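Protein sequence lines correspond, in order, to chains A and B.
Sequential numbering from 1 applies to the first sequence in the working numbering.
Sequential numbering from 1001 applies to the second sequence in the working numbering.
In case anyone wonders, no lab produced these hints; they're calculated from the structure.
All values derive from a computational prediction rather than experimental measurement.
DSS-like, lysine-lysine: derived pairs with alpha carbons at most 30 Å apart: (1) A:Lys67 / B:Lys1153; (2) B:Lys1086 / B:Lys1069; (3) B:Lys1017 / B:Lys1039; (4) B:Lys1069 / B:Lys1039; (5) B:Lys1148 / A:Lys67; (6) B:Lys1086 / A:Lys67; (7) A:Lys67 / B:Lys1156.
Listed below, chain by chain, are the residues.
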Amino acid sequence: MADKQPPQRPDSGANAGWTALGTLLGGVIAWGGIGYALDRWLDIPRHLGLLVGMIVGICAALYLVVKRFG
Amino acid sequence: MGQQPTFLAEGFPPGVKDFDFQSWIPSLRGSEWGLAFTKITFMVWLAVAVIIVYFLVSYRNPKVVPTKKQWLAESLYGFVRNSVAKDVIGHEGVRFAPYLATLFCFVAMTNAFAIIPFFQISPNAHIAFPVVLGVISYVLFIVVGIRKHGFVKYFKTNLFVPGIPWPIYFLVTPIELISTFIMRPVTLAVRLFANMFAGHLMLLVFTLGGVAMLNSSNIFIQGLSVTSFLMAIVMTFFELMVIVLQAYVLTMLTASYVQGALADEH
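Okay, chain B solo, but in the shape it has when bound (with noise of 0.2 Å):
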């Protein structure tokens, strides 16, 4: 760059301290409180509140014939029902149907986040969000596993396929634990975090990108910054459907592990 940038913000090349949300109450900055009100956990109660307050308005005069905000909230809850929780979970999934119906809502609207304008990111563009959600679905199809078959029976048909011979359990059983108990949570976490934070960093990349180039002093390089943010408004397009995409994922994987925890055999 020719010059020095005038109107970038202070912090321009942004950087991992970007991540490092500040408290918003100050006396609380440093202190272990620190973490506890800032621009992502605020989000958070947002999105709960959102979800919480609509779905109580639309159902507290509900009609035969559907308003349009009834209509919403009952295809939305009547899709995880019987796309995810029927047709993955089969008759046994009506019960699972409300917790599927609020993790598809809760992290479609948490990664919402990440194109609604002064938001801009997503809280699950943080591990530590992912991470407990991960945890949940892992806790529940190993519970949901133990209180059908027993504790005895849940691991052993889980741990050792029938029909092979005993000494290749020695080979098998490691990466049966390893792709049963430890891998589902971690890719169920992972996936979810990467594609918030890699969509966070395309808009970053190509928003910041286009300021940058339109602070250049070469006047064809100024040109071409509209091209950059025109790939911007493409890729928030884009990240529309990966908001989508993720939280419907999320909720199927979790319905196909619960159906895994209670099927009878392999």
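For reference, chain A alone in the conformation it holds in the complex (with noise of 0.2 Å):
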């Protein structure tokens, strides 16, 4: 089945693609728990580390994306 068939590479961009997700996801979470932890230890009101930290982690993660796959 698998052995007649010619070489090929089919999800070259697929790879690109999980660790692009990947990424994003890491920097939401890497940056969204540093600010919730800094929430939780300053005692800062309404979330409002967590809510930068978020948006601190997508704009680094895609900033990243584009570095490295740009």
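Combine the two chains into a complex, taking the hints into account.
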């Protein structure tokens, strides 16, 4: 079955897609987590640290994806 | 329901307790060895035994013109070797083909218990087993990367993307750390676990739902139970697809992580 097929590379794009998705999620989780920890530690009202952290995280992750794949 | 169900199993409304499998050896129940001999562990051992015996038997007397058994074994291994190991990792990938093929067969076999009658649940519907598989892949790609590049260089290429000004590293390196070294094993394990667990619940809902409807006193609802059983059959075929797909995805992602660890620069 697979022996007779010519060599092919179907998913070099899917690979990069998974990495990009992981980076974007990682950005939100990493900096959102740091922001949340700051919230708990410094008693910042209304989850402001979490909010700012998630926005900073997604921006940094987008920057990273552009740098890596752009 | 108007009347008391008559032919339902004793634990009819299924609950969390149904996932606590009892030890097959009664004297061990409740002890720390209680979880060592259950239906779940039996299925894992059975899968291991089936795979070992099958591949040994089909290669015991190899022919140039392969028999059906040998052909299946060869095309299984050939598929993982060519379409996963070689295509994803490259020419170095053949080294990893035995592990990847074993992983594929093991996951496919243990997943398949989800729809084999009288087993009807996959060991991978217990988070412990996908976690072990995820940890093996995790250790594998880190060790491969460290052996190829050396400890410092491996973590440097993974944590510091080249070509960006240094203050940005404070912003970006935590992201790389999380996405490469924390999220990868977690997503590997959770993806497999969630797919098998959700599939199990889906079959359970339609099958037991059909039984419950059949027990109803209303003739209309009893008739509708046919739909529920039909859905259970359709979902079983859907589950068959998920079983193979998840085994493939896990193998594929492991291969692509190894490829990432072996790559020179990103």
